[in-house]
Amino acid sequence: MDWCPLIMRETILNSDKHGEQDLSAAFPERRAFLKAGLAGYGLLLVGQAEAAVPRVRTAARIVIAGAGAAGLATASRLTQRLEGAKIILLDRRKEHWYQPGLTLVAAGLKPASYVVSTTAEYLPSGVEWIEERAAQFDPEANRVVTDSGRVVPYDFLVVATGLHLDYAAVEGMDLQLIGKNGLGSVYAGPEAAFATWRAMSDFADGGGVGVFCRPATEMKCAGAPLKYAFITDDTLRRRDKRGKAELIYASNNKVLFSVPIVSEKVRMLFQDRQVKVQYEHVLSGIDPGRRVARFRTPNGVVEQPYDFINVVPPMRAPEAVRNSPLRWQQGVWANDGWMEVDRHSLRHKRFANVFGVGDVAGVPKGKTAASVKWQVPVAIDHLVASIEGKVSTASYNGYTSCPLITRLGRAMLVEFDYQDNLVPSFPGVIAPLEELWITWVMKTMALKPTYLTMLRGRS
Amino acid sequence: MKEFEPLVFLAVFQEMLGPLLWIMLLLAVGGVAAFVLLFVREKGIDSRRLVRAELIGLLGGVAALVLMAKVTVSGFSDAGGPIDWLLVGLVWGTGLAGTTILAYGAMGWRRLLGRN
Numbered sequence: 010m011d012w013c014p015l016i017m018r019e020t021i022l023n024s025d026k027h028g029e030q031d032l033s034a035a036f037p038e039r040r041a042f043l044k045a046g047l048a049g050y051g052l053l054l055v056g057q058a059e060a061a062v063p064r065v066r067t068a069a070r071i072v073i074a075g076a077g078a079a080g081l082a083t084a085s086r087l088t089q090r091l092e093g094a095k096i097i098l099l100d101r102r103k104e105h106w107y108q109p110g111l112t113l114v115a116a117g118l119k120p121a122s123y124v125v126s127t128t129a130e131y132l133p134s135g136v137e138w139i140e141e142r143a144a145q146f147d148p149e150a151n152r153v154v155t156d157s158g159r160v161v162p163y164d165f166l167v168v169a170t171g172l173h174l175d176y177a178a179v180e181g182m183d184l185q186l187i188g189k190n191g192l193g194s195v196y197a198g199p200e201a202a203f204a205t206w207r208a209m210s211d212f213a214d215g216g217g218v219g220v221f222c223r224p225a226t227e228m229k230c231a232g233a234p235l236k237y238a239f240i241t242d243d244t245l246r247r248r249d250k251r252g253k254a255e256l257i258y259a260s261n262n263k264v265l266f267s268v269p270i271v272s273e274k275v276r277m278l279f280q281d282r283q284v285k286v287q288y289e290h291v292l293s294g295i296d297p298g299r300r301v302a303r304f305r306t307p308n309g310v311v312e313q314p315y316d317f318i319n320v321v322p323p324m325r326a327p328e329a330v331r332n333s334p335l336r337w338q339q340g341v342w343a344n345d346g347w348m349e350v351d352r353h354s355l356r357h358k359r360f361a362n363v364f365g366v367g368d369v370a371g372v373p374k375g376k377t378a379a380s381v382k383w384q385v386p387v388a389i390d391h392l393v394a395s396i397e398g399k400v401s402t403a404s405y406n407g408y409t410s411c412p413l414i415t416r417l418g419r420a421m422l423v424e425f426d427y428q429d430n431l432v433p434s435f436p437g438v439i440a441p442l443e444e445l446w447i448t449w450v451m452k453t454m455a456l457k458p459t460y461l462t463m464l465r466g467r468s
Numbered sequence: 069m070k071e072f073e074p075l076v077f078l079a080v081f082q083e084m085l086g087p088l089l090w091i092m093l094l095l096a097v098g099g100v101a102a103f104v105l106l107f108v109r110e111k112g113i114d115s116r117r118l119v120r121a122e123l124i125g126l127l128g129g130v131a132a133l134v135l136m137a138k139v140t141v142s143g144f145s146d147a148g149g150p151i152d153w154l155l156v157g158l159v160w161g162t163g164l165a166g167t168t169i170l171a172y173g174a175m176g177w178r179r180l181l182g183r184n
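Residue numbers (the working numbering), protein chains in the order written: chain A, 10 to 468; chain B, 69 to 184.
Worth flagging that the hints you see were computed from the coordinates, not collected in a lab.
Possibly wrong hints are sitting among the right ones.
What the hints assert, rightly or not - With the C-beta cut set under 8 Å, the calculated list includes, among others, these residues of chain A facing chain B: (1) S122; (2) V125; (3) L417; (4) R419; (5) I439; (6) L442; (7) L445; (8) W446; (9) W449; (10) T453; (11) P458; (12) S468.
Glycine included, each C-beta is placed from N, C-alpha and C at the ideal position.
Only chain B is shown next, with the shape it has when bound in the complex (with noise of 0.2 Å):
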């Protein structure tokens, strides 16, 4: 009953994900420092790369309700409460928040590296 909680949870991801667990682990730790940096080099956020990136965003947010479907072998149809839909929310929203994170990061350094 002495436990340190994150760690119960950091345990339960390992089961759960393997070694991929440290791959998006460094992915999200590695797009989120991207896109800092950018931000930082670029002092602002450059609108149009950022709605695009947010389509793409979209897509990942379809993406990540796809993997969820397939891993759990049901969809966001057999949501039955609030708490479904909110799950449902929460999937999409953090595929999309991601996606477009990455995809605004990526899209940022090659157009800085392709100009160096």
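So here's chain A without its partners, still in its complex pose (with noise of 0.2 Å):
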């Protein structure tokens, strides 16, 4: 997941009247949020006090199937709202990866270590981790089966096990081989975003053909393959070999991204820097010995050479989920598992303890750090409101945000909701269109500290 936000999709969303009551309740957090990163470089906090909530007692028994941002933050939030509630987080990895930190791995500003952690650190106190990974979901019995075998029955159920990165679906893909060749894909991990940067530095020091893509499915932070392919251009003309290369960017659909704002900005952007844009490309192959990539177009496939490619894998639900009643039935996320939630409470359509929270949850927008920042809360709401036999209204509206980077130095703050409306934090001070240092500032440094304390429940 990364804090990027930017889901290219090809369905037309429904704009209706509760998106629009959503924006007024949440706005003011998410300026929050966005003011305490921006307090960080001298702008004015503007505080303002609010009542702590009582936590609300409960033996109830919760679930969390994931430890990643979704899963810890949470966590966190559950142990603020309630007591005496048994609470249990299923996850194997003991690793946590800062995703939205790979992009500054793979631009090689930053170290692989940059974005590796602990869930321990993260872990809130009273919470069980069970470091075992949710292998079955059983939600007419309410209960997760993990994958040894342990059956864990469960009150409620918040589902954020991430998603599945398809590498497989690509012919010829080798995970291994990332960063020889010019085989690049940021998206692997901490360590092949770094292998991504030299293999991109190579390409760099001899120019050539460098390829950029996008899957057809739905993915984490649709803006990153659009940074990447700006980064590289960057690091050409710093290295004086622009010249040397040429620049491809293959686009799933007719669009450069899902809103059609920011698709025409990045088109005008990509023409600005001499980026050649093929639009429904989608990549279905590659031969790594050749370096020559396969794309899936209208016309057939098309093979393309290339000295450097950055491969972004088509993404779907985990297998547990993708092989669950929790998945949607029909529709365009059924194809690929996602979970049946409904897009304004997070909560599961047909069962009504479960909740599906970050990349997992099956709406139109919202892999990324971003919304799992402003899902989880409203989530949490609606789970608390529950036990406590109540109504919530909290509402999330589809509000993410993603600094788009269009060269080392300078990105475009781009938020936007459900309804492909842009809805800046700062209408009149920080342009979202406009490509600024004040946004990178706030990647670089503020982005981290922010996460992190998403995270720990403290904002």
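Take the two lone chains, each set in its own frame, and fit them into one complex as the hints suggest.
Okay, here's the thing in structure tokens:
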């Protein structure tokens, strides 16, 4: 998951009154969050005290599947809101990755260690961590079965399993080859991101053809592939090798970004930076030895030679969710098994005691850390209200944000909602479609600390 | 959604700076306190000392910009709009003001303690 937000999709979103009503409710906290970051560089923080929420006493047994950004933020928030609850976190992985930082690693600005920490560092006291993966969801019986066969019953379930990077769906792709022979893939993890930097740096020295793409599925931070094309362009220019390179961005559909106004801005920037665009090109296979990528297009499969490529794999819900009743049964999110949740409450549409947050949620936007930041408090509010026998009015409007890097040292702060509206936190101050240093400063200085406070439930 | 914003602000800075946050806060509070105490004790501002402190402050402003550039792997040459120039000014201004106050206090107390 990246901090950045951008989900490219062809689904036409329904604008509804509910979404419009969300705006006023969601903005104050979002603004507080960004202002907290901005205050780091001297801007005024406008503080406003709000009353603390009393904790709710309960003996409920709550299971959180997944200890990534969404899972840990959920655990922290639950411990703040509840007293006496049995909270269980399921995840086998001990490492925690600050995924929004992967782009900076792949840009050669940060070491791989910049994004690596441990789950244990953020585990709230009172939460039981079972170091096993949720392998099977049985919402009819209110239980989860782990990969060791252990049965974990629950009263409430929060699914935060993240997503599956389906590299196997790209024929010929071999993760072991990342960093070699011009093959890069920023998403595969900290070491892969650093290996991608090495491959990109070699390309920036030698020139040739650089190919960038994105999958036809929903994905983490759809701005990330665009960012990496811009970063590569800038790296070439800084080494005075731009004239020796041809950069090609292959988009899966007819746009560069799901939000039309942002898509058009990126098109203009690509034109300015002389990045060629090929629309309706979906990466289907790769021959790392010959350095040839194969793209599925309306006119059949075409081969594209490259000297450097950033492979972005198709992304789907993890197998355990995909094979469970929790998945969408029909519609655009059914094929890849995303979780069937209400887009405003994050509550499962058929199992009222189940919530889905983060990447796994089958909602129009939101596979970013910024989305997690705004989804988790809403889902928790509904969950706690259910415990109390009340009804929550909290609502998530699809807000997400992306510091879209357009060169090293500048980025555009793109913020939008379910309806593709731009929702700038600082209208008239930080223009959403302007390449600014202040946005870059936010990305490099303030976002990681802000992300970590989110994990701890402190922002 | 129920938060006390200054606490969020503090939490972010704690994550950003770690123990350095408290050292910087102590330095800021101590520096201002030293300045104020000096002002009270001397019953006014020593203009010659202030000018010397401001000259040092100019370098402090530059140091703040250099530090900012290092941390963000960028520089004020990346400024792309009015808000960026405002940010450059704020960083420089903060460095200037902070260093001036510290330098003024340090020089004044050094003289006072030396006299005693």
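Hints, verified against the model:
{"no.": "1", "hint": "S122", "verdict": "violated (16 Å)"}
{"no.": "2", "hint": "V125", "verdict": "violated (16 Å)"}
{"no.": "3", "hint": "L417", "verdict": "holds (7 Å)"}
{"no.": "4", "hint": "R419", "verdict": "holds (5 Å)"}
{"no.": "5", "hint": "I439", "verdict": "holds (6 Å)"}
{"no.": "6", "hint": "L442", "verdict": "violated (11 Å)"}
{"no.": "7", "hint": "L445", "verdict": "holds (5 Å)"}
{"no.": "8", "hint": "W446", "verdict": "holds (4 Å)"}
{"no.": "9", "hint": "W449", "verdict": "holds (6 Å)"}
{"no.": "10", "hint": "T453", "verdict": "holds (5 Å)"}
{"no.": "11", "hint": "P458", "verdict": "holds (3 Å)"}
{"no.": "12", "hint": "S468", "verdict": "holds (5 Å)"}
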